[in-house]
Amino acid sequence: AQSVAQPEDQVNVAEGNPLTVKCTYSVSGNPYLFWYVQYPNRGLQFLLKYITGDNLVKGSYGFEAEFNKSQTSFHLKKPSALVSDSALYFCAVRDGGGATNKLIFGTGTLLAVQP
Amino acid sequence: GAVVSQHPSWVICKSGTSVKIECRSLDFQATTMFWYRQFPKQSLMLMATSNEGSKATYEQGVEKDKFLINHASLTLSTLTVTSAHPEDSSFYICSARPQGGLIGNQPQHFGDGTRLSIL
Numbered sequence: 001a002q003s004v005a006q007p008e009d010q011v012n013v014a015e016g017n018p019l020t021v022k023c024t025y026s027v028s029g030n031p032y033l034f035w036y037v038q039y040p041n042r043g044l045q046f047l048l049k050y051i052t053g054d055n056l057v058k059g060s061y062g063f064e065a066e067f068n069k070s071q072t073s074f075h076l077k078k079p080s081a082l083v084s085d086s087a088l089y090f091c092a093v094r095d096g097g098g099a100t101n102k103l104i105f106g107t108g109t110l111l112a113v114q115p
Numbered sequence: 116g117a118v119v120s121q122h123p124s125w126v127i128c129k130s131g132t133s134v135k136i137e138c139r140s141l142d143f144q145a146t147t148m149f150w151y152r153q154f155p156k157q158s159l160m161l162m163a164t165s166n167e168g169s170k171a172t173y174e175q176g177v178e179k180d181k182f183l184i185n186h187a188s189l190t191l192s193t194l195t196v197t198s199a200h201p202e203d204s205s206f207y208i209c210s211a212r213p214q215g216g217l218i219g220n221q222p223q224h225f226g227d228g229t230r231l232s233i234l
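Those sequence lines, one after another, are chains A and B.
FYI, the numbering for the first sequence is 1 to 115, going by the numbering used here.
FYI, the numbering for the second sequence is 116 to 234, going by the numbering used here.
If you are wondering where the hints come from, they were derived from the structure by calculation, not from laboratory data.
Be careful, since some hints might not be right.
[Said to hold, decoys possible] Chain A side only, calculated, beta carbon under 10 Å to chain B, not exhaustive:
no.: 1; residue: Gln-6
no.: 2; residue: Glu-8
no.: 3; residue: Val-13
no.: 4; residue: Phe-34
no.: 5; residue: Arg-42
no.: 6; residue: Leu-48
no.: 7; residue: Lys-69
no.: 8; residue: Ser-84
no.: 9; residue: Ser-86
no.: 10; residue: Phe-90
no.: 11; residue: Leu-103
no.: 12; residue: Thr-107
Each residue gets a CB set at the ideal place from its N, CA and C atoms; glycine is no exception.
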């Protein structure tokens, strides 16, 4: 079965410092990976995806993620954190190649950026 | 682009009431929509996949008669929680995948969720 793991429940970082939110995956074929962000009492917002191509994927709000096949990781990064980046971040992998395109979500990582 | 509207955003009602939640794709057509449930400080749990013009596909453990899903058009799916009880209180989120293109490449776009509180 396909799965993703987010090993950190919470990440704390000071404003202006680089941030990393970790994600590892387990898939039987080629991975289709996604990052989403959720603000309090809101739905999820799409940040970026990896389907194929360059291992470094750039997304919204200055975020990027690096796909590493050998380490089966897809960590989310940002060079300089903002207080407004504080939110809940979910990594997800697409489950299977069928039309349903179900997403399997990780447990989420709460990012707290201190001023 | 790719906006999904979910309504209502907050519902408080008495036990035994049925509640309908709407999910609309405003600027794209979606053959497939998804309904999730999220408990506090937890991840999203997929409840069902809604396909336009056909029956929804429910995940294991989700009661079909309890959570009725209708996807009558390419822009609207509804979730009805029938005879709701306090244990049904949760945050319900819908998402929609744009029609066309490579299926796996399309990200899902999410609504803002509905907070359901059953007294």
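Quick rundown of the hints versus the structure:
1. Gln-6: Hint holds; Gln-6(A) Cβ to chain B Cβ min 9 Å, cut 10 Å.
2. Glu-8: Hint violated; Glu-8(A) Cβ to chain B Cβ min 14 Å, cut 10 Å.
3. Val-13: violated (20 Å)
4. Phe-34: holds (6 Å)
5. Arg-42: For Arg-42(A), the interface hint holds, since the closest Cβ of chain B sits about 5 Å away, which is under 10 Å.
6. Leu-48: holds (9 Å)
7. Lys-69: violated (17 Å)
8. Ser-84: With Cβ-Cβ at 18 Å, over 10 Å, it is violated.
9. Ser-86: For Ser-86(A), the interface hint is violated, since the closest Cβ of chain B sits about 15 Å away, which is over 10 Å.
10. Phe-90: holds (7 Å)
11. Leu-103: holds (6 Å)
12. Thr-107: holds (5 Å)
When the structure is compared with the earlier hints, violations turn up for hints 2, 3, 7, 8, 9 and for no others.
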